[in-house]
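Engineer: This is what each chain is made of:
2 protein chains.
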Amino acid sequence: MAAATPNPLVAELIDRHQETLDRALAAIESRDYWTPYPEFPKAYGETGAADGQAAFDALLGSVFRIEGQPTNGDLVSGEASPYGIELGVSYPHAEADELIAALEAARPGWAAAGPAARAAVCLEILGRINARSHEFAQAVMHTTGQAYGMAFQAGGPHAQDRGLEAVAYAYAEQVRLPKSANWTKPQGKRDPLSMVKEFTVVPRGTALMIGCNTFPTWNGYPGLFASLATGNSVLVKPHPRAVLPLALTVRIAREVLTEAGFDPNLVCLAVEHEGGTIAATLAVRPEVKMIDYTGSTGFGDWLEDNARQAQVYTEKAGVNTVVLDSTDNYRGMLGNLAFALSLYSGQMCTTPQNLLIPRTGVRTDEGSKSYDEVVADLAGAIDGLLGDDARAAAVLGAVVNPGVLQRSVAAAGGEYGELALAPRVVASPEFPGATIRTPALVKADADKPDDRTAFLGECFGPVAFAVAVESTEAAVELLRRTVREQGAMTAGGYTVDEGVEDALVAACLDAGVSLSLNLTGGVYVNQTAAFSDLHGTGANPAANAAYCDGAFVASRFRTVEVRRHG
Amino acid sequence: MAAATPNPLVAELIDRHQETLDRALAAIESRDYWTPYPEFPKAYGETGAADGQAAFDALLGSVFRIEGQPTNGDLVSGEASPYGIELGVSYPHAEADELIAALEAARPGWAAAGPAARAAVCLEILGRINARSHEFAQAVMHTTGQAYGMAFQAGGPHAQDRGLEAVAYAYAEQVRLPKSANWTKPQGKRDPLSMVKEFTVVPRGTALMIGCNTFPTWNGYPGLFASLATGNSVLVKPHPRAVLPLALTVRIAREVLTEAGFDPNLVCLAVEHEGGTIAATLAVRPEVKMIDYTGSTGFGDWLEDNARQAQVYTEKAGVNTVVLDSTDNYRGMLGNLAFALSLYSGQMCTTPQNLLIPRTGVRTDEGSKSYDEVVADLAGAIDGLLGDDARAAAVLGAVVNPGVLQRSVAAAGGEYGELALAPRVVASPEFPGATIRTPALVKADADKPDDRTAFLGECFGPVAFAVAVESTEAAVELLRRTVREQGAMTAGGYTVDEGVEDALVAACLDAGVSLSLNLTGGVYVNQTAAFSDLHGTGANPAANAAYCDGAFVASRFRTVEVRRHG
Chain F
1 MAAATPNPLV
11 AELIDRHQET
21 LDRALAAIES
31 RDYWTPYPEF
41 PKAYGETGAA
51 DGQAAFDALL
61 GSVFRIEGQP
71 TNGDLVSGEA
81 SPYGIELGVS
91 YPHAEADELI
101 AALEAARPGW
111 AAAGPAARAA
121 VCLEILGRIN
131 ARSHEFAQAV
141 MHTTGQAYGM
151 AFQAGGPHAQ
161 DRGLEAVAYA
171 YAEQVRLPKS
181 ANWTKPQGKR
191 DPLSMVKEFT
201 VVPRGTALMI
211 GCNTFPTWNG
221 YPGLFASLAT
231 GNSVLVKPHP
241 RAVLPLALTV
251 RIAREVLTEA
261 GFDPNLVCLA
271 VEHEGGTIAA
281 TLAVRPEVKM
291 IDYTGSTGFG
301 DWLEDNARQA
311 QVYTEKAGVN
321 TVVLDSTDNY
331 RGMLGNLAFA
341 LSLYSGQMCT
351 TPQNLLIPRT
361 GVRTDEGSKS
371 YDEVVADLAG
381 AIDGLLGDDA
391 RAAAVLGAVV
401 NPGVLQRSVA
411 AAGGEYGELA
421 LAPRVVASPE
431 FPGATIRTPA
441 LVKADADKPD
451 DRTAFLGECF
461 GPVAFAVAVE
471 STEAAVELLR
481 RTVREQGAMT
491 AGGYTVDEGV
501 EDALVAACLD
511 AGVSLSLNLT
521 GGVYVNQTAA
531 FSDLHGTGAN
541 PAANAAYCDG
551 AFVASRFRTV
561 EVRRHG
Chain G
1 MAAATPNPLV
11 AELIDRHQET
21 LDRALAAIES
31 RDYWTPYPEF
41 PKAYGETGAA
51 DGQAAFDALL
61 GSVFRIEGQP
71 TNGDLVSGEA
81 SPYGIELGVS
91 YPHAEADELI
101 AALEAARPGW
111 AAAGPAARAA
121 VCLEILGRIN
131 ARSHEFAQAV
141 MHTTGQAYGM
151 AFQAGGPHAQ
161 DRGLEAVAYA
171 YAEQVRLPKS
181 ANWTKPQGKR
191 DPLSMVKEFT
201 VVPRGTALMI
211 GCNTFPTWNG
221 YPGLFASLAT
231 GNSVLVKPHP
241 RAVLPLALTV
251 RIAREVLTEA
261 GFDPNLVCLA
271 VEHEGGTIAA
281 TLAVRPEVKM
291 IDYTGSTGFG
301 DWLEDNARQA
311 QVYTEKAGVN
321 TVVLDSTDNY
331 RGMLGNLAFA
341 LSLYSGQMCT
351 TPQNLLIPRT
361 GVRTDEGSKS
371 YDEVVADLAG
381 AIDGLLGDDA
391 RAAAVLGAVV
401 NPGVLQRSVA
411 AAGGEYGELA
421 LAPRVVASPE
431 FPGATIRTPA
441 LVKADADKPD
451 DRTAFLGECF
461 GPVAFAVAVE
471 STEAAVELLR
481 RTVREQGAMT
491 AGGYTVDEGV
501 EDALVAACLD
511 AGVSLSLNLT
521 GGVYVNQTAA
531 FSDLHGTGAN
541 PAANAAYCDG
551 AFVASRFRTV
561 EVRRHG
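Order-wise, the sequence lines are chains F and G.
Residues 1 to 566 (UniProt numbering) make up the first sequence, in order.
Residues 1 to 566 (UniProt numbering) make up the second sequence, in order.
Errors might be hidden in some of the hints.
As the list claims (entries may be wrong) - Keeping only pairs whose Cα atoms sit at most 27 Å apart, straight-line, the calculated DSS-like set for lysine-lysine is:
id, chain 1, residue 1, chain 2, residue 2
1, F, Lys42, G, Lys189
2, G, Lys185, F, Lys42
3, F, Lys189, G, Lys42
4, G, Lys185, F, Lys185
It is worth saying that the hints were derived from the structure and are not from the lab.
Hey, can you work out the whole structure from these sequences and the hints?
Structural biologist: Okay, here's the thing in C-alpha cells:
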C-alpha cells in the first residue's frame, strides 16, 4: 500500500471543499438545518432545466459506455419510464469475475490516500453531480415515476445531502484516532517506557451497493459514499428499472477519480436484466465486505442470512402507522395527512399506511369527530388536493412499476376492504402514456381478523387503511406491535393530550421507530432532512441501519497500529 | 420505557466518577499512557494481598450464590486450578428461558436511565472490582494458570482499564447526537419551518458475553461493559474452567445495580459443565442481539454463521509472526523475544508463534548471525530467563488446561519438528501440583511442505517455531500470507533497514494486523495498553473486532428521534 503518486488536484480539492466538509461536520452535531445544495430548481441557472432536459434527451436511445470498465461486449437494457416515454438506453454488461478483479486492483492507491483526500474527492463528485441536478431529475423521474419537482429535490440535492452526510460521518469516524501519538509510561525510578504509535485507517475491501427502483440516488448515495470515503472500492448494482441515475453517478465518480490520479475502477457499474441474479452472485463473493441494500424484505433477509462474509446494511419493507387521538388543528391535520398519503403515490418507504382512528372519535378544534367523519373528511381532503389533474400529477408522480399498479387495481376492486376513497385514473397533461393513480383509502377494523391480515402486511403504493380501533390506548399498542412485528420506517401521532403523547413516545422508543408528532404544516412524516433527521433507526425489522450515524460508517474500515520506541 | 425512579445514589455516582470518565475520554483521543487503576500490587494497601488471599480462601469449597437470579436448584462445578489446588466452588444453574426472561424484564429502567447514569454505574462497578484486585488475582490465577503477578495485573487493573475504555467509547458514541435540537429551515418570504427534535438512545436487547479460559476478565470486560453502558442487559457465560473471576464480577455488578435502584438481573451469570451447549442455545435466542466471544475458531465461526439475529464480535485463533531482518541491539532483541515467548507459557492470543529468520542471516550489532546462530542464541536466552525454577514459574505461570499440555508433550516428542529447545518441567516452589512447562522452540523450514503445515496452523501454548526463510522479502511475504489466511492478533519485526521497515508496514496494513517494531526493552509484542493500543484490528480472520474503537460500540444501541413543531 505505497503512497499514491501525489496529484496536484488532490491538494486543490481538499482546499476547495474544506469549508463544506467543516460545515457538514458541524451540522451533524448541531442537527440544525443546513445544506450546500439548494433545493430550488431555479438556483441552477436560467437555462438549467433546459440544459438538463437536453442532456437527458441526448442519452435516450444511446449506449451508455463506461470508459475503462471491463465489459464482455453484451448490452443490457430494460428501463421503462412510468411516464410512457421510450428510454432505450443500453448499458455494457460485465462478468462478476472481471468486475471484482478490477475493483480489487483499483483499491491500493485509494486506501493509501487517507481520509482527507478521500473526503475531498467525494465532495468533488457530489459537487459535479449537484451541478447536473436537472439532468439527474430527468433520469430519476423517468425511472422512478417521481414528478419532476420531487425527482429534482429528492433525486438531486436531497440525495446529495445524504451522500455528503455519509462522507462527513465517515471522515469524522476515521480521524477519531490521531495519526500518531506519543505514549510515555512512568516506571518509578527507572526511565519511563516511551513509544510512538501510528494509526492508519485501512479499508475492508469491495463494497456492493444494490440500488432500488424508487429512490436510486437518495437511498443509494449513503452507502456508496460511506464505503468510498472509507477507502473501499464500490460496485454499484442498480435496480434493472432504475439504472440511469446511478450510471450517471458512476460515470461522474470515475471522471473525478481519474482526474485526481486514482484508478476509475474504484467505482464500477454492474447492470443486468430484470430477474437477473448477479446481485446474489456478487453478494457472496469473498472480496465483498460491505453490502448496502434497499428493497424487498425477501432479498434483504436473504442477504442478511447468506452474505456472511460482509457487513450487510438493509432497508426493507415496513408498515408505517399514524395514531389519531386528538388535534387542535383538524384542517391542518387532514391536509398534512392527505399530502403525506398522496406524495409520489404513496411509494415512499416512509409513507404512512395505517391511520389508527379510535371508534370513540377524535377530539378536534372543530368538536369531536367520529371514525366515519374523520375518514370522510380525510377522503375529502385527498380529493381536494388531487381534484385537478395537473396538480394531482405534480403531487402523485406516476406508478413506478406493474407490481404497484396491481395493488391499486386490487384496492379499486375492493380486495383489501371497503373503500372510503376509490383510486382515480389521472391524465398527465404532458405525458399521455403516464400511469397515474390517486390513493385508495380502505376502511378497516382492528378487531376483524381479515382486516388485520390486510392492513398488517406491507401494501406498498397508493393504498392506505383507515383503521378503526377501540381506543387511543389500543391504537398505541397496535402501533407498537406493528413496528415490532412488521417493522416501520416512520410513525406519526396526533394528540393534544400529554399522557397520550408520553404513551406514544414510550411505544416508539420501545419498538424502535422515530415519531413525528402533530404535523399540520409544511413538514410531512415521510420526509427526513439530512444532517438533522435520522432515516430509519436500525432498531426494528424494516431496516438494520439508519442514515446516518456512527454505526453506519464505523465498520466500513479498520485501524492498523504500528508502534516503535520513540 | 418510563423514566426510572430517581435514586439519589445515581446522581452521586455521576458526580463521583465524572473526572475519571472525562480523563478516559481524553485518553482515548490522545492515546497517551493513562490509567486510574494502579498496576502495582502494593498500591492496594499493606494488607491488600493477604486480604485478597483470605477472601479467595473463603470462597473455596463454597456454593457461589447469586441472590435474586433465577436458578433451577442444580449446582455446577468443574473448575480445576492449573496450580493443583482444590477449588470446589459450585454455582447455581439456571435454564436459558428463565435467564432470558429475567434479563428482558430488567432492562426498561436501565434503558431509560441514559448514558451518563449508565457510565457512572459502570465506573462504580469497575471501581469496586478494582478495590478487590488481589481477590480477583487469586481467582484469575487459579482458573487460568497465570502467575500471581500477571494474574494481578492482566486480570485486575489492566482488565479494568479495558472495561473503562469500553465505557468511555460507549459514552462518547451515545452523546454524539444532542439530546434535543432546534431545526429551522428558511422558506423564502414565508415563515421558516421550525421543529424541535429529540434523540434518545435505545438499547438493542440482551447481550451474551462468552468468556474464555485464559483471560476471563481482560477479554470479557470490553464486551460486558460496552453492552451494559449502552443500555443492554448482559448475560455472562464464562468458560466452564474459568467461572470464578466472572462470577465475582457479576456479583459486584448486581450489588451496585441494586444499590443504584436498578434491577440486578441486568447482569446474570450462566454456568454450565464443560462440554455443555448452553452457549449455543443462548446464542440463537431472538432476544440476544449482541454476542461477544473469545475462544476457538470453530465455535467463533459457528456463532458468526448461526447467530444471525445478533451482532457478533469474535476473537478467535491466529498465527502471530515476527520477522527478524536486522537489529542494532541483538541482546535486547533476544531478551525481548525470550520473554515474549515465555510469558504465561505462550498462552496469550498475542504471543508470537513463528519467528521468520532469513537463511542469509540476521545483521546485528554483534555481526551477521546465521539462522542457526540466531536459533541457538534465542534458545540460550530462553534458557537463561527460565533457568531458575522460582523465576521461571513467575514468568511462565502454569499450563491452563490438558489441551495445551498435550501440545507441549507433542512438541517434546518432536511431533512438530526438530527441537532447538526442548520443553522442561518446572517445579513450583509454592504449588507442588502445578503443571509448568518451558516453551519448546521448533526448527522449521518455510520451503518444506510438512514444516509449513506445522507452523501455519495455530499451535496455542508454549510452542514456537524458528522458521528459516529464503530472504527478508520472503519473510515479509510469508507474514502477509499468514495473517491473511490464518489471521493474527499481533505481528512483530526487527530491522534497521528503512526499506525493510516500509515493506513490513505495507504488508501489515495490507493484511490488517498491527505491528510492533524493534522491541528490545520493557514492552513486548504480546502486550497492549488500554486507552492507547488497539487489541486486534478486526481486519483479518483472527478477530472481527478490536478493543476498542467506534465500531466495537456503535452497533450496540440505536437512536430514536421524536420531532414536533417548536
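Engineer: Of all the hints given earlier, name the ones this structure violates by number, lowest first.
Structural biologist: 4
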